[in-house]
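**Student:** Sequence:
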Amino acid sequence: MDILGTTVPFILALTLIGYLLGSIPVAAIMSRIRGIDIFSTGTGLAGAANVARSVGNWSGVAVFAGDTGKGMLT
1 MDILGTTVPF ILALTLIGYL LGSIPVAAIM SRIRGIDIFS TGTGLAGAAN
51 VARSVGNWSG VAVFAGDTGK GMLT
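Numbering (this note's numbering), first residue to last: 1 to 74.
In case anyone wonders, no lab produced these hints; they're calculated from the structure.
It is possible that some hints are incorrect.
[As the list claims (entries may be wrong)] Between beta-carbon pairs, the in silico distance windows are: (1) Ala65 - Leu20: 16 to 22 Å; (2) Gly35 - Ile11: 37 to 43 Å; (3) Arg53 - Thr7: 43 to 49 Å; (4) Ala13 - Ala49: 30 to 36 Å; (5) Leu12 - Trp58: 35 to 41 Å; (6) Val61 - Ser40: 19 to 25 Å; (7) Val61 - Gly22: 16 to 22 Å; (8) Leu73 - Phe39: 22 to 28 Å; (9) Leu73 - Ser40: 27 to 33 Å; (10) Thr41 - Gly69: 20 to 26 Å; (11) Thr74 - Thr41: 25 to 31 Å; (12) Thr6 - Ile33: 15 to 21 Å; (13) Thr74 - Asp37: 23 to 29 Å.
Every residue gets a Cβ at the ideal spot worked out from N, C-alpha and C, and that includes glycine.
Whole structure, please, built from the sequences with the hints as guidance.
**Tutor:** Here is the structure:
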């Protein structure tokens, strides 16, 4: 294992990709698609449960799947 050659840049690239993926607000995007401001409805938190209550069950499932997928990728 070449620590200074390819491993460190590879780990830094993966860290950056994980950070960028984690910063995608799936709940906010899904609620905007449906025309609802998720931050001013329900609990005001951008999460799957609030989206399910405020926007609809299938939107909540989509947010849950999107957030779970982000977690699995990183």
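**Student:** Hints first: check each against the structure and report whether it holds.
**Tutor:** Evaluation of the provided hints:
1. A hinted range of 16 to 22 Å holds for the C-beta pair Ala65 and Leu20, which are about 19 Å apart.
2. For Gly35 and Ile11, the hinted distance range of 37 to 43 Å is satisfied, since their beta carbons lie about 41 Å from each other.
3. Distance hint check for Arg53 and Thr7: the Cβ-Cβ separation is about 45 Å, which falls inside the suggested range of 43 to 49 Å.
4. A hinted range of 30 to 36 Å holds for the C-beta pair Ala13 and Ala49, which are about 33 Å apart.
5. Range check, Leu12 to Trp58: about 38 Å between beta-carbon atoms, so the 35 to 41 Å window is met.
6. Between Val61 and Ser40 the C-beta distance comes to about 22 Å, which sits within the given range of 19 to 25 Å.
7. Taking the beta carbon of each, Val61 and Gly22 are about 20 Å apart, inside 16 to 22 Å as hinted.
8. A beta carbon spacing of about 25 Å between Leu73 and Phe39 agrees with the range 22 to 28 Å that was offered as a hint.
9. At roughly 30 Å, the beta carbons of Leu73 and Ser40 sit within the given window of 27 to 33 Å.
10. Look at Thr41 against Gly69: about 24 Å separates their beta carbons, and that is inside 20 to 26 Å.
11. For the pair Thr74 and Thr41, the supplied restraint of 25 to 31 Å holds, since their beta-carbon distance comes to about 28 Å.
12. The hinted range of 15 to 21 Å is not satisfied by Thr6 and Ile33, whose Cβ atoms lie roughly 40 Å apart.
13. Range check, Thr74 to Asp37: Cβ separation about 27 Å, and the 23 to 29 Å hint holds.
In summary, the one numbered hint that this structure violates is 12.
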